[in-house]
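Below are the chains, spelled out letter by letter.
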Amino acid sequence: MNAKESTFSNVPANPAFDEDQELVAPVAFDFGLDRRGFVQLLSAGLLITTSVVPALAQQRAGRGAGRSGAGAGGVAARLQVGKDGIVTVFTGKIEMGQGGRAELTQAAAEELRLPVSQVRLVMGDTRRVPDDGVTAGSRTTPGTVPVVRQAAAAARQILAQIACERWSVEASAVEVGGGRIRHPASNRTLAYGELAQSEDLPKAFARGQAEAALTRPDDWKVLGTSVRRPNYRDLVTGAHQFPSDLRRPGMLHGKILRPPTMGAKLTAIDLEPAKALPDTVVVRDGQFVGVAAPTSAKARAALEALARTAQWEAAPHPSSREVYDYLRQRARGGVPSNPFAQELPGAHRVLRQTYHTPYVQHCPLETRVALAEWQDGQLTVWTCTQNPFGYHGELARAFRLANDQVRVVVPDFGSGFGGKHTGECAVEAARLAQAAGRPVLLKWTREEEFTWAYFRPAAVIDIEASLNAQGQLATWHFININSGGAAVESPYRIPHSRSSFVQSETPLRQGSYRALASVANNFAREAFMDELAAAAGADPLEFRLAHLENPRLRAVLQEAARRFNWGERAARKSAEVGVGLACGTEKGSFVAACVEIAIQRPANRIVVRHVCEVFECGAILNPDNLVSQTQGGIIMALGPALREEMQFAGGKILNPRFAKYLVPRFSDVPVLDLHFLDRKDLSSLGGGETPLIPVAPAIANALHHATGVRVHELPIRLPGPEAGHPGA
Amino acid sequence: MEKTITFTLNGQPKTVTTDPSRPLLEVLREDLEMTGAKYGCGEGRCGACTVLVDGQSTFACITPVGKVGQQTVLTIEGLAPAEGLHPVQTAFLEEGAAQCGYCTPGMILETVSFLKSQAKPTEEQIRSRMEGHLCRCGNYPKIIKAIQRAAGTGQ
Ligand code: FES
Ligand code: FES
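These protein sequences, in sequence, are chains X and Y.
For the record, in the first sequence the residue sitting at position 207 is 207 according to this note's numbering, with numbers rising by one throughout.
In this note's numbering, each number is its position in the second sequence, counted from 1, plus 1000.
For reference, chain Y alone in the conformation it holds in the complex (with noise of 0.2 angstroms):
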């Protein structure tokens, strides 16, 4: 049964009709072209298909797309301001955070939810926020520290 749901992305109103059901990350994969949240697991298990859901991460996978009527929702791709880097994609940047890059979007998506409830995270606090996700290049420790750069706690 298909309806039609309204929501905002990355700061555009966008309406799709369309089985409430699907999940949103199908949604704006294969109906709104906005590619980058990533598919790694479909089960909530990787984080590559995180996005902020009135400023909450996430995992675009496993939220079905009827959910996030009138609600807005942030993909990379509407993250950086008009000139430049948000400064989350500037830390992960500068540390040299990616290696493959399938799962930055999800993890630079996950650091800015996270420093807005915690400023500051401590190290342990860190890990514990990102255990959702995964990195299978083993970027875990530029990761971390790309997080740190951004809370300005690194060395």
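Next up, chain X with everything else stripped away, as it sits in the complex (with noise of 0.2 angstroms):
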């Protein structure tokens, strides 16, 4: 390949937020590709760049028919039944912890009432599965949860009329159950691994429909029953092969040259230092330069050489401790002004304030990683990620492929939290693979991690309400500067409202997060809240039912103070141990948590010593699981809450590691306390996300009931530093 000049930008110019708040803003890579092999490559006609979708799931059933809930094509897209009678079933989502692989394979088993032993799950196989979208914002509960079901009844209908027919009895004659169909008058069985030794099953699955009934939450056998992930018993023996445990003949490893700050360009390099050294091959293609070896440690020898000779030019980047005024004066189109000013002045109480959530990192354990290997002009990567499709997109349009000649799997992997939407590690391990012409596996480290991976956006929130002299909202007026829309809607009852997302220019790569903006929109509005009951001389929960009609979260803040005895300890004064609560609704899901600190001096740190969270998700499929997501999910978001922050200046992270950026560890666990409301009247919905977004809040507001400080910042921090954290 040709060494032309190409360009390689680590901040994508506009980020863009999908129809459901999804940040995804994948690296540029223009890699230098000899322009007459372009034009001979598409006159052959081999070129295809328009579509994302492999030619076979689109056949399947079209893209996205998983993501939007609509019915798919054919069963066949969807299902295959083995003559074994295993059902395999084909899906685009993936697994990384959240429990995507058991709920999928419940949905399954429930409507072909079969025991999910018999149930086997494909996921994240862009060659084999159908598009269902990106794994993330909830959507695989109320989203392919049901067109698996969809399939899997249809399937179901069409085993039993296959019987029905052979035997030629009427559907209502015979009873499915335990991967058969019973004619009880004859006493004839069929099993499903007989009915898939004829032709005809495939034939009528590949016509069949998906519209079979579902059968209902109050005949779920399996469906709302705390399954297991079919694979567990891996995760505690080792067996389990991590996309990072990936290894494939002859395969090397390789390392990428990351400029010393962001946005330096490579201005000279001598690659001949590290080519010389033996088994290393070396890549520069335009800014990119990598190399592959046998071993990380020759890999990492080599990238050491080729810092050494490498000149940058750096670019100039703010800081972190001016970063919330460089969003204010970069909002698009300016911040808005309050519409509802002219109100103001004849208003009892005008409150208003501002309120900043700072860049924070995913930190998934397993870092980015991407095994990559070329075979006749296919090329295939293993990786961790949760958009299968979207990476497959970006590696073809990145070495200019048809869909054809893509293939991306994902083997279940180590956590993503919204931070594996984008390929570049996938699109760096094939560059490097096309040149070894060996597989090559890359991972990111820590490091890397911490500052080339994106963060989850800063935010800029000003906030101005009124209130008449009944002590109740009148106006209120609500910007969100940079991180986004998801919740930015207020859920109280205020005559005049109106709340707004503005764009802004990231100094850092942004994307996605577990809850994205709803986290800094609810800590805002729920600190805000406070605010507004104490100017209105009312108890913070009377204050907020006055304003709640939503019957579903008035339920959840109602059962959570009633846990919690609400009234009996916010009535208690210590300068040492706060009460705080907040509720919220995201994803039409709605939650409600109180809390207890204690303040440790002279540690000069907060404890949080009891979180009583009530959450209600619709019908609960998976109890366990959903056990597991919402303390994970409340324990996750101590961290952005009391500690964590990127801290940049001069275009470098300051705090790229655990050592100085603190995460949630086992001292950190608060008593949890935790309820569901399970509404089996009403359709099921994620729970991976909502369970944060109270917790900061009510911190917060548990901080201003010991000690009379308002918060108007994450991470909520005493005046004065504090001392060691136990973990660092």
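The set of hints was computed from the structure by calculation and includes no laboratory data.
Pair ranges (Cβ atoms, derived): (1) Asp1019(Y) <-> Lys275(X): 17 to 23 angstroms; (2) Lys83(X) <-> Gly1152(Y): 44 to 50 angstroms; (3) Gly1084(Y) <-> Ser574(X): 50 to 56 angstroms; (4) Gly1069(Y) <-> Pro278(X): 22 to 28 angstroms; (5) Gly588(X) <-> Gln1012(Y): 50 to 56 angstroms; (6) Gly1069(Y) <-> Trp220(X): 56 to 62 angstroms; (7) Glu313(X) <-> Thr1017(Y): 40 to 46 angstroms; (8) Gly1084(Y) <-> Asp681(X): 42 to 48 angstroms; (9) Asp1031(Y) <-> Thr354(X): 51 to 57 angstroms; (10) Arg498(X) <-> Glu1131(Y): 42 to 48 angstroms; (11) Gly1152(Y) <-> Arg247(X): 38 to 44 angstroms; (12) Ala307(X) <-> Lys1003(Y): 24 to 30 angstroms.
Partial list, computed: chain Y residues near chain X (C-beta under 10 angstroms): (13) Ser1021; (14) Cys1041; (15) Gly1042; (16) Cys1046; (17) Val1088; (18) Met1130; (19) His1133; (20) Arg1136; (21) Gly1138; (22) Asn1139; (23) Tyr1140.
With a straight-line Cα cutoff of 35 angstroms, these simulated DSBU-like cross-link-like pairs (lysine-lysine) come out: (24) Lys221(X) <-> Lys680(X); (25) Lys275(X) <-> Lys1067(Y); (26) Lys1003(Y) <-> Lys1067(Y); (27) Lys298(X) <-> Lys1003(Y); (28) Lys298(X) <-> Lys1014(Y).
Cβ atoms here follow ideal geometry from the backbone N, Cα and C, with glycine treated the same way.
Combine the two chains into a complex, taking the hints into account.
So, in structure tokens, the structure goes:
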């Protein structure tokens, strides 16, 4: 390949929120590609760049069928019945610990009347599965579960029909269960596996539309129960192979040369010293420089040789100290003024406040990793991603390949939290593998993950509100600058209310995160609600309830307060112990939390001692998994609430290590008192995100309860430095 | 400078000839294809790489391979007996102590060495001993329960 000048940018100009407020902003790679070769490819008709969906998957289910929840095409797109009676189900969703594998297995087992052990799930292999969209935004439960149930119910109907035809009996005369069709009157049975012996079944599946009736929640036998992920045992034996554990014959280990500061441009480099090292492949393609060698140690040595000769031109970059001013100054179209300004002079009280939340990192325990292999012009990448078809498209674009020349395979991987939507690691591994002519495994280091992955966006939030003489909210104006519009609307009843999201220019690369902007928006709103309650002379609980109509939100708030014994605990005054509450709604589900904090002196530390959270997300599909997701979400949320914050200056991340960026540890875990309102009458919603959103504001409100200090910024700190974190 | 290092890995004698300053974690994963110990930070701050060296829990990412010469190294792959599971594995399985499972091998091996020195730890002792281990999925409550179950102190 000709080493023509190419561009490589780590800060995309226009990060885009999709319709579900997922923020997916891939790195733009533009490898120097020989133009003549490009044209030849075109004229040979091999180049398809417009669609990112592999033909097979498109044929199977239509793009994004599972994402929208619309009915899939033929049943064959979703599942196959083996001659051994095992049903294989195909989905573009992935498993990273959030529980999708168990839930989708349950969905199929329920409708097929099968034990879960008879169902196999193929996830996230773009050659084999339909595109179900990004595994994010709590969409697996409301989007993909219904689609899988539809297909499985249709399959059950088709299986029964074929049996009825063979026996010449009415559909009403047979029973389905345990993987068999039974005709009690004649005592005959046919197993799914037996029906799969004939050609009728795949033909009927290919024709079959997913329109059969679904099992009612009251009749659920498998859904609504605590089923473990089928490969669970492999997690405790070490047998499970995470993407970083994969090996291919002849595989090399890759490393990428990173700029010393963000936005710096490579102006000169001498590749020769690195090339002179034994068994080492060195690639330069414009701004892209990387190496591959038989061991990580050898790759590191080559990288060090490259770093010694590289010359860079730095770009100006703001620091985290000035980032909030930076974002405000660059608000697109300016910061909107209060449309209810003419109401304010007559108001009883007017309050305004600005809230700040910093950039934070997802820190999935398994860093980004990709194993790339080229064979006969076909590119296969095994990787960890929440967005297999997005990666597929990025790879096809970067290497100008047809869709069917790319395959992305996603083994169950080590967590993501919204941080694994973009495919730069996969593209980098593929570029190295292309140059090496051998498979290359590229594993980002923790420091790379902290620097070159994307961040949860920082937010600047302005709120201005007024109260009437009765202490009721009269006007409300809320602006989120930069971090997003999720949960930006107030759930409270206010006569004049306007909430908006304004984009800005981000100095750090930003993207999705578990519950993304709803964390910042709910923090600001719920902290401010306490200030308004105080101004109205009302209890925070009573003030909220006086403005809440939504019965589902009222229900979780009242239940949390009751279980926590809010009235009594809020009446107690202590400088060392405080209680606070907050509620909210996001992605259609409802949550409230009451917390108790203790203030430790002289360590100057806030310890969250007790969290009582009540959560309602419709009909519960898997209670045990919901407990894991909820307590994991609350614990994860403690990090940005109390300590996590990216510090940067001069284009460098100053705290790119767990020693300096403090995530929650065992000692941070409070007493968790979780309650779920199971609404079998309502459709099921995802539970992995919403439980995070009341945590920070409830802590902020508890801090005020104890100390009288109002909080306007995350992370929440006491004045003065905190003595060493126990885990640091 | 390469050196020949011999140690016992999961009951099998192993000899590697390599730079003795390489981290044990890399040699296990890359040279010996034993991938149960995971990389999480490379600086001794997450515990994902935990192995037992002569029975002591050790962060393999900051242990030079040259240090384990003549010693016994146990990774998660070598923990279970020929049939079935080690009791700590059973406890983690039954309590659902893994979400993504990436931290799990390290958590299990730390527990194995912990319970050898302290058969009936209190919850406070569990938290303090496990403090060096990160679970980004935040599954700490179930991990604590699993340790209590393995110690026979659970409710
Ligand atoms: S990888 Fe060894 S402690 Fe994190
Ligand atoms: S289970 Fe995912 S890091 Fe612990």
